[in-house]
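Student: Chain by chain, the residues run as shown.
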Amino acid sequence: MTELVDILSNLSFWVAVLRIATPLIFGTLGVLLCERAGVLNLGIEGILVAGAFTGWLTVYAGAPLWVGVAAAAATGAVLGSLHAFLTVGLALSQHVSGLGITLLATSLSYYGYRVSFPKVSTPPTITPFAEMGWLGLPVLAQQTPLTLLALALVPLLAYVLYRTPLGLSVRMVGENPQAAEGQGVSVAQVRTGAIVAGSALMGIAGSFLTLSAFNAFFFNMVNGRGWICVALVVFASWRPGKALLGALLFAFFDAIQLRLQQSGSAVLPYQLYLMLPYVLSILALVLVARKASYPQALMKPYRKGER
Amino acid sequence: MSDPVLVLSGITKRFGSLVANDSISLHLGAGEVLALLGENGAGKSTLVSILFGHYVADAGHIRAFGQSLPAGDPKAALAAGIGMVHQHFTLADNLSVLDNVMMGSEPLWQPFTRRSAARQRLAEVAQRFGLAVDADALVGSLSVGARQRVEILKALYRGARILILDEPTAVLTPQESEALFDVLTQMVAQGLSIIFISHKLGEVLRVSHRVAVLRGGKLVAQAPAQGTTQSQLAQWMVGHAIEAPVRQPSRGAGEVVCELDNVSTGRGREKLHQVNLQLRSGELVAIAGVSGNGQVALAELLSGTRTASAGRVTLQGQPLPASPADLVKRGVARIPEDRHAVGVVGDLPLWENVASERLRTPAFSIWGWVRRAAAKAYAQRVIAAFDVRGGGATSAARALSGGNMQKLILGRALLHPDAATTDGVQAQTHTPRLIVAHQPTWGLDIGAVRYVQGQLLAARDAGAAVLVISDDLDEVLTLGDRVAVMHAGALSAARPAEDWTRETIGLAMAGAEH
Amino acid sequence: QAKLKVAGIYTVPFEQQWAGRLHTALKAAEARGEIEYKASENVSNADYERVMREYATAGNALIVGEAFAVEAAARKVAKDFPKTAFLMGSSGKPAAPNFSVFDNYIQEPAYLSGMVAGGMTKSNKIGMVGGFPIPEVNRLMNAFMAGAKEVNPKVEFSVSFINSWFDPPKAKEAAFAMIDKGADVMYAERFGVSDAAKEKGKLAIGNVINTQPQYPDTVVASAMWHFEPSADRAIKLIKEGKFAAEDYGQYSMMKYKGSSLAPLGTFEKKVPADIVTKMKAKEKAILDGSFTVVVDDTQPKSTAK
Amino acid sequence: MQLVKRNTTSPAVLVLAPISAVLFTLLISTLLVLWAGAPVGQTYGLILQGGFGSVFALSETLTRAVPLILTGLAAAVAFKARLFNIGAEGQLYVGALAAVAVGGMHGGTGFELPAALLFVLMLLAAALAGALLLLGPALMKARLGVDEVVTTLLLNFIVLLFVSLMLDGPMKDPTAMGWPQSVALLADLELGKLIAQTRLHTGLLGACALAVLIWVLMKYTVLGFDIRAVGTNPRAAAFAGVPVTRTVVLVAMLSGALAGLAGAIEVAGRTSYLTLDMSPGYGYSGIVIAMLAGLHPLGVVAASMFVAGVLVGADSMSRAVGVPTYIADVIVAASLISVLVATLMTQYRVKFK
Ligand SMILES: Nc1ncnc2c1ncn2[C@@H]1O[C@H](COP(=O)(O)OP(=O)(O)OP(=O)(O)O)[C@@H](O)[C@H]1O
Ligand SMILES: Nc1ncnc2c1ncn2[C@@H]1O[C@H](COP(=O)(O)OP(=O)(O)OP(=O)(O)O)[C@@H](O)[C@H]1O
Ligand SMILES: [Mg+2]
Ligand SMILES: [Mg+2]
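Chains as they are written, first to last, in the working numbering: chain C, 1 to 307; chain A, 1 to 514; chain Y, 1 to 305; chain G, 1 to 353.
No lab work stands behind these hints: they were computed from the structure. One thing to keep in mind: the hints can contain errors.
Said to hold, decoys possible - DSBU-like cross-link-like pairs, simulated, lysine-lysine; straight-line CA separation at most 35 Å: (1) C/119 x Y/270; (2) A/329 x C/304; (3) Y/76 x C/119; (4) C/242 x A/218; (5) C/300 x G/351; (6) C/304 x G/351; (7) Y/181 x G/172; (8) Y/255 x C/119; (9) C/304 x G/5; (10) G/5 x A/75; (11) Y/181 x C/119; (12) Y/284 x Y/93; (13) Y/38 x G/193; (14) Y/198 x C/119; (15) C/304 x G/193; (16) Y/83 x G/5.
This structure is a prediction, so every number in the text was calculated from the model and none was measured.
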């Protein structure tokens, strides 16, 4: 108990929470945007990998860090438009398209990495984003600009969704595409746009791993973070604010378990500590997201002129 | 007459082999109300869908206000001042009325929504046409009538000069319909033009200036509403005369089949409060009422998809079985309100839909093994006996028009698999003991309506106890031996039809004591 | 005569230090023109046997890899291809005629690096982040801990595993967590740990490979594994037609230059002299056999409060 | 761009569609090989060769297909009832765990059973374990309305950690020199080989039999009807007397059981003991395969063999040509997407306007 207290009272713990949460925030917002428009995007896991790779590669090739981030976003956007082409243009199953893209993006990144770096002893590195010491604020000062961007995106996305015609159309195509079509909004265009933008966010999420959290690209380094985001969106019942909350909550559990696991009084097998975040997420889901009100058209392909 | 605001010429639309619209040419005058009539599946919705740009016609073109209209582009239609109220609501339940209405009215890339302005404009429009709605209510929480108003407001908000209404009254109560007609009159007064699709010939003749009749995708007749009779219209639609079913007085009610004793259930708008009712064999009890006063609860209760929270429901002495399957076994025939959402599983073939209710009986399965041959044979008989058109036993149920879908449901409910005859419900021994029909005729064309009503009466005469719940007063008065009125979950005493007048019923529906 | 065809099959990418050592050793041999070398990385458990058979069928004389999770299958393949020599990482026994085993028995330098760590820690708290608690990891951690304890009985250890070979961000987080709790020397079993130490101005101990070049001011010492002796021996024996099933374990030990403590390099001056002398002495003792580091494969546990 | 349903599909299309799918895939592979600066020359031949070209290749392809068939079936039945089970991976692992627990753990525990009986028990245990694992999410969905995609997804992580826990603890093989792997099955519980000197085991027959069984179940039984009805219109199904919740639960049990069996059969047929890296994502591939097969049980068999063949073929090609092995997955993904598009094109034609 006292242990828990001094963990929580340690400022650097909260620094860690925010750091761990950052990629999840980007990713969750990305998924949220796609699903608000009615499209499930299981491509996220792969898009994270691709974003991590291209973002890093760009910087390694000598470009500035922010260009790397842009490259990652662009990669995400490209993969997103593939997903859009398959799920919106051709109205294929969103599950299979998503999983297909995950497989494609992942293996393509690995292949690209190996082709570009055949000889390896220790993986090549770049100089990642620096902490924002200049920023006077406590916890934020030990974060990198990407974290700031992630935090800024939350209110921004909320504003777009709830306070702009574009956002309204996004929500409408996710609720009732026929209605949107009937009011002169092109379902295909809006959905495509949402998927592309959302996937770009996922790309940035990936780049955080290689441009901020670490300084090199590794195989399997994304390690399921994408799937977590898919879960968090439901937990957030498709609201940006709650998405932030969810990401922080998950990161909180993760940071806690890392600290509990290593203390001498840790009697349980380490796996149980690693389980903590997932178990608690399901619990949270049961408490928060029972009967969550879905975007009504989620996972329902829409073909104009058919019923 | 002033030159037409809308001209359709040679519109043709095919779905596969089927020609839904066959080179239809039609025009609409300024300030004119044109009624579009036709059987289920005649091509009405298709035609207006093309007009509004949902479908792209295979041939023909459209001019609105002199400008020719690009095909398959609702945006253009809206811009040209065409508004459409779809047959099946196109609203987002999770969004507010205002959101639903203003969606798409602002440039997509505008950095902010002008909400207050929009709310004001909505209020104006609503006020101008007397369409009261709460702008901030979630659409999902609204009554059917209110949703209908939202649909119309959507169109008017976009400044529609031509309004298309596809079966607007199919889902409305008489009162709501009346209110709608007042609105239409106002619109016409303000120079709008209206295309109005309906199966209710009475109202058609009242509100429209001109009628156009489709049959099998062809335009078969046009005439001024003045001086045209209902039977004339029916004749055009179906191709032959249709005689309204005349209800011979019941051959005397038999023993009590089903009894509700102080039954209460449900909550909110859909509750029952201490309802008492006796249903006797050979008698048809019709229940009138504004929808949303507990009819759904009552229907579900007697269909086995809901249980009573208080009171007793008995079927022939024993307590009413809880599950639909058992109800069917005990001879209860059920006709649900929403044929599309509840009546059939659209993706499955007709034969499975027909057999589904009795799939768990020896008739159609042994040891969980479906007797496909028997089921298909049964389906064939239902299709033949109830004249279901537009699909064979193996085609998907969704491809049926509402009318045929309803016949199918009726058939599966009334024709017992063991009934020797393939002729409707004549076989005395196998007629259902109790028939629960909720809105059995909404959305159906006149021919289908008459057919369904005829079957229900025939079943009554064959000894079934029949309960018809409907908010169509004409239907209630045509069919009911006894009539009861539902209001706020309470049910009035069921008195002989002769004791009621339209007025007294109307009062009762409005909640007045008597 | 025709070059000897050698194939490597690794269940992890080449970047994984463990596989990396095998890869480099064989690459070196190839560079010397002794062999013709092909390798497959990241071969999943389900594919491993197939890849072995493919390489064997393709006429490779020597197949190097890791049998750990696929013991049974690997040995079955070896039986089916008696003409092919197999040198597989395994905690098991060799199997005649052609299945030889090796493992990273580098507990000796690990022990020495532990002594250095024990001498360098001020807070007497050492943090250790591992991937999975497998013998190949445990034995090094335990030796390291023993070494540290010898020079500094007060030292405490906190241990955690991240259940992944490749999640540097996560390893880094785990390391941060330990540094937060006062650890000032980190045992860097995974990538990411040294980075955490570097960012927080703490020290780190390299493992399997020498990472001081990447972290000149952070990595004090590294316990290095050299697969060359094992690889070269196998190649030589095959060329002489003398390859037989044996346990190559010892060729990973210091005596056979299979492992070593990397030169202190940038920390030459910074490590306390007495520690260095103690460490040198122990090194000698190990080499002349008067001291043996016990191989302890049990999962290490935290001792810190 | 808009899709227009075809009234009739001309034989030309039926031929061209798959061909263009193959060409597209080959194009991708060509580009990748060129990128790696390797000779394109026999790439295509090598893929075919490596996947189907020899008894060995074929046996490997089929071996790879076995677990895919089972996870594919698991996904197919669940998705038919609109129960989106993304957790087959986890169910596969608990299945394997249970199989080992029954088939390998009773070493010291005195009781001796005839192998045949033990074998059946082993399979039952695996099926049950998988079923129970999916039961939770199914009930949560039915009773609390908690989205099953998420719960099943998260359970995959938990299960893997749980397996890791078991392999470090109670089920660790003492003879494995501390390596985290389970005790091995009794030798006589292992499945026989269909072809000597290969890995192809009798599990293939079992998997195919199950596929036929599921197909029969779906097409000819009341439960099959219930599943299809609940999947497309639960309200109408309920009205017609289908016990909806019960059906969902049954489907969950069935789907989980199939995935669990996949685990058991992998252990009994291939590995003989359980390790953490036993499955290279069979669970997830299962979903893709089910979709590829249009959720048709028999289609699942074909789809599994196709995917397995492409993977095995491309994998061996990568070694022959000397390009990174990751190319295999790229080619699988490419072929998958192009095949899906091709199948769609047989029913629709694209109209640009
Ligand atoms: N999306 C579609 N796909 C295939 N066929 C269609 C489609 N929509 C309509 N049809 C066909 O076109 C015919 C006309 O349909 P339509 O909806 O216009 O009938 P309707 O006159 O509106 O019927 P109702 O009065 O019941 O609304 C139907 O018989 C149907 O077979
Ligand atoms: N997916 C479809 N495929 C083929 N025909 C269809 C399809 N959807 C609708 N139809 C046809 O469209 C016609 C009209 O459909 P609609 O839903 O309007 O029936 P309806 O008679 O209007 O029923 P209701 O008025 O009760 O809603 C029907 O005749 C039906 O055959
Ligand atoms: Mg219609
Ligand atoms: Mg209709």
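Student: Hints numbered earlier in the text: which of these fail when held up against the supplied structure?
Tutor: Checked against the structure, the hints that fail are numbers 2, 4, 11, 15 and 16, while the rest are satisfied.
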